[in-house]
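> Given the structure of chain A, go ahead and fit chain B onto it with the hints provided.
Residue numbers (our numbering), protein chains in the order written: chain A, 1018 to 1427; chain B, 1018 to 1427.
These are computed hints drawn from the structure, not numbers from a lab. Where hints are given, some of them may not hold.
Heads up, the list lumps identical chains together, so a pair's fine if it works in one copy or across two of them.
What the hints assert, rightly or not - Below, computed lysine-lysine pairings styled on DSS-like, alpha-carbon distance capped at 30 Å:
1) 1242 with 1336
2) 1123 with 1332
3) 1180 with 1271
4) 1123 with 1045
5) 1316 with 1400
6) 1055 with 1193
7) 1123 with 1316
8) 1242 with 1203
9) 1400 with 1203
10) 1038 with 1271
11) 1045 with 1271
12) 1134 with 1332
13) 1045 with 1332
14) 1266 with 1332
15) 1071 with 1055
16) 1266 with 1316
17) 1242 with 1180
18) 1401 with 1383
19) 1045 with 1134
20) 1045 with 1266
21) 1316 with 1071
22) 1242 with 1266
Every value quoted in this text rests on a predicted model; they were computed, and no experiment measured them.
Number of protein chains: 2
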Amino acid sequence: MNIAIMGFGVVGSGVAELIEKNHANITKRSMQQSLEIKYILDLREFPDSPFRDKIIHDFNQILNDDSVAVVVETMGGLHPAFEFVSALLQAGKSVVTSNKELVAAKGYELLTIAREKNVNFLFEASVGGGIPIIRPISQCLAANEINEIAGILNGTTNFILTKMITENMEFDAALKMAQELGYAEKDPTADVDGFDACRKICILASLCFGHHVYPDSVPTEGIRKISLRDVAYAADAGAVIKLLGVARKTESDKICIFVSPCLVQKSSQLASVDDVFNAILVRGDAIGDVVFYGRGAGKWPTASAVVADVIDCAKHLGKRKVLDWDVPVEGEIADISEIPFAFYVRGALPAGLSAEAAANAVGAEKILQIPNAPANEVALLTKKQTETALRASLAQAGFAPDSILRVTEY
Amino acid sequence: MNIAIMGFGVVGSGVAELIEKNHANITKRSMQQSLEIKYILDLREFPDSPFRDKIIHDFNQILNDDSVAVVVETMGGLHPAFEFVSALLQAGKSVVTSNKELVAAKGYELLTIAREKNVNFLFEASVGGGIPIIRPISQCLAANEINEIAGILNGTTNFILTKMITENMEFDAALKMAQELGYAEKDPTADVDGFDACRKICILASLCFGHHVYPDSVPTEGIRKISLRDVAYAADAGAVIKLLGVARKTESDKICIFVSPCLVQKSSQLASVDDVFNAILVRGDAIGDVVFYGRGAGKWPTASAVVADVIDCAKHLGKRKVLDWDVPVEGEIADISEIPFAFYVRGALPAGLSAEAAANAVGAEKILQIPNAPANEVALLTKKQTETALRASLAQAGFAPDSILRVTEY
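Chain A with its partners taken away, still in its complex shape (with noise of 0.2 Å):
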């Protein structure tokens, strides 16, 4: 069976030595059919790649070629990403990606033209890397309603929250180091203000709940603020603090979404998550709390993934996967300051405010203490509230603090 790879970078590449490398036993996996790769499509030569020979320049010769079944697309970005899948698939070509901006903006709409012509779109690529995660939840947890999803879905912040908690580096230093070793980028927004964990959190409750969920519905804050204090008051509460990427039905059948640094406890699977690793808690009303846990990026992890991806593809030529979703529903969306959490609030006591007045203020569970805080700074765990009711009750105070996150209950 013929294939195209478009893009030839870090995941690109992986995919095409990985193919070579497995190649016997892909072909077994794939119903005894040889994966060749016809083309590979990259604006560059690579002149001096043992693939040198399959690279082109033109799209259309990938569109135009009928041999060709399964594409895989690792270029990234959504354009011309998008209007290459579209064409490929309404070419009847199958399509694999590891492109999560593409599937978080414009899943949707390409699953419904992979199910207009009969073909798969596939994408266990775009969220926790090489994880097994969209397989398990569409196929392992057939049987369950999924009530809630929760991850470490960026492996850059995650490394450099590890690197806060357990070498008391600061945000800028563990940055520097991230960047160094190539785990974040030169401009590391994407990572460190939350978007890419937005964009798998987006796909994964796309997925979960049946209709599609877009990145700019879904309260969004990064790591930034995040100091060595927060790190020291969360370890007096037994817990450490993760970016969560989180998405929950509520009682009333909306969907409660969020991406924001969290405090969970110590003896939580996701605690123990460390460096550039990621893990994906599940929760189904059969199975209960299942976590898949492993590198969430990277060149062979993400081959991995691809690869399987395409084996799939190459076992069900001219069968669909069930694998797909709704159009969005107008207000399916909670607003999330109306959905009660327990609180972590850190900040400076005004001037006649003490810890105790205001621990009473927003109804503390535990005042928490670290060595050498700020003589008039205050570190509160408060009981389950709306973020509406204790932001009222901080105003009443005259407590307005530095910090505010949820406290999860996994």
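Below, chain B alone, put in the same frame as chain A:
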């Protein structure tokens, strides 16, 4: 699509109830095929069950009904499960089972019949209860060569060890509590002595390495001999004791496989798997380490896995899933005593042998300390070496330890 359930115990009734409860979504995920339970085979009557009208006592009713395409086997035990499942596959019906004893003992034979008859024999629920593991290995990690699997595969023993570790409870008391809570059988042998974990690691090894591995070829040791002093010494080593099933490809392409209590570093993802939870670590050449965590037993988690397999059968009627392995290979199982590991060694020193001399004799890296240890006792962490070499050194030093445990590297 008509299905039948054989065995209306905890899991079988869970399967029936789950299919009813989530019927709309299950139908959607089965490519719009509605799953209808036509027969439930059991020796007993269930006059108070909503499924009472479906109860039958004659296996041949299922076997001879051409309208039944998929049969669920939740009877347990080898006989008559093996005869029933063989006959059903021969008759061209797909079979889904949660019966690890059946798959571990007869997997190759049953998969062979399934292959010949172009039907499916699926067993996601046989390992890790509801945790997706069989399908992720065979599909999501299909691009990988899998080098190693290590799992906490038995919830009963993990519950007992957790009580010993976190509450300083003696083995006998923890076992009694597990029995009272329904986590352990009246005769706890299959769990406590490692036989249940052994069946599961055999299924995983067969799947990952491609040849049937039989339980009687696997060195298997349970947790009866673990004492609270071992737990305390392990803590001093920065580790916890977990009952692991391990299977690994050796450098000479043999399979190193065993079930035994091991020291697992606290930083490991497996160390924080507590109570009745299970977790399975899979190491692939592309993906690196991935870990799957969740409830390894119980009515709903196990039913969740069974129903996911039934949905898969419904989607693949007349088409085979790639889930298969070959006949065992003579000499494929490596001699465990010739594979190097680091070891934990604990025992009473003979007169005239100092702790330091014992440590030197076995190439120890650390002498472990606990409060209130018996005066003549020593506990050591050794360098990596074969068990054969370790036992020779111990014999030469005249030191006969009470406890020798492997130390893992993940």
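> If a hint holds in the structure, say so; if it doesn't, say that too.
Tested hints:
1. Proximity of residue 1242 to residue 1336 under the C-alpha cut-off of 30 Å is found in neither arrangement, the shortest distances being 48 Å within a copy and 54 Å between copies.
2. Proximity of residue 1123 to residue 1332 under the C-alpha cut-off of 30 Å is found in both arrangements, the shortest distances being 25 Å within a copy and 27 Å between copies.
3. Proximity of residue 1180 and residue 1271 under a CA criterion of 30 Å is satisfied in neither setting, with 36 Å inside one chain copy and 39 Å between copies.
4. For the homomeric pair residue 1123 and residue 1045, the shortest alpha-carbon distance between copies (23 Å) is at most 30 Å, but the shortest distance inside one copy (33 Å) is not.
5. For the identical chains of this complex, residue 1316 and residue 1400 are neighbours neither inside a copy (43 Å) nor across copies (34 Å), given an alpha-carbon limit of 30 Å.
6. In this assembly of identical chains, the alpha carbons of residue 1055 and residue 1193 never lie at most 30 Å apart, being 40 Å within a copy and 63 Å across copies at closest.
7. For the homomeric pair residue 1123 and residue 1316, the shortest alpha-carbon distance inside one copy (24 Å) is at most 30 Å, but the shortest distance between copies (39 Å) is not.
8. Proximity of residue 1242 and residue 1203 under a CA criterion of 30 Å is satisfied intra-copy only: 19 Å inside one chain copy versus 55 Å between copies.
9. In this assembly of identical chains, the alpha carbons of residue 1400 and residue 1203 never lie at most 30 Å apart, being 40 Å within a copy and 43 Å across copies at closest.
10. For a Cα distance limit of 30 Å, the shortest separation of residue 1038 from residue 1271 across copies, 21 Å, qualifies, whereas the shortest one inside one copy, 46 Å, does not.
11. In this assembly of identical chains, residue 1045 and residue 1271 lie within 30 Å of each other by CA distance solely across copies; the values are 21 Å between and 44 Å within a copy.
12. Proximity of residue 1134 and residue 1332 under a CA criterion of 30 Å is satisfied in both settings, with 17 Å inside one chain copy and 19 Å between copies.
13. Taking the shortest Cα distances, residue 1045 and residue 1332 sit within 30 Å of each other both inside one copy (11 Å) and across copies (21 Å).
14. Taking the closest pair of Cα atoms, residue 1266 and residue 1332 come within 30 Å of each other only across two copies (28 Å); inside a single copy the shortest separation is 34 Å, beyond that limit.
15. With identical chains, the CA atoms of residue 1071 and residue 1055 are at most 30 Å apart within one copy only, with a shortest distance of 6 Å there and 55 Å across copies.
16. Taking the shortest Cα distances, residue 1266 and residue 1316 sit within 30 Å of each other only across copies (24 Å), while inside one copy they are farther apart (34 Å).
17. In the homo-oligomer, the alpha carbons of residue 1242 and residue 1180 lie at most 30 Å apart inside one protomer (15 Å), although the nearest pairing across protomers, at 40 Å, exceeds that limit.
18. Proximity of residue 1401 to residue 1383 under the C-alpha cut-off of 30 Å is restricted to the intra-copy arrangement: shortest distance 13 Å within a copy versus 47 Å between copies.
19. In this homomeric assembly, residue 1045 and residue 1134 come within 30 Å of each other (Cα to Cα) both inside a single copy, at 27 Å, and across copies, at 19 Å.
20. Taking the shortest alpha-carbon separations for residue 1045 and residue 1266, only the inter-copy value of 19 Å comes in at or below 30 Å, while the best intra-copy value is 41 Å.
21. In this assembly of identical chains, the alpha carbons of residue 1316 and residue 1071 lie at most 30 Å apart only when taken from the same copy (20 Å versus 53 Å across copies).
22. With identical chains, the CA atoms of residue 1242 and residue 1266 are at most 30 Å apart within one copy only, with a shortest distance of 28 Å there and 46 Å across copies.
Hint compliance for this structure: hints 1, 3, 5, 6 and 9 are broken, all remaining hints hold.
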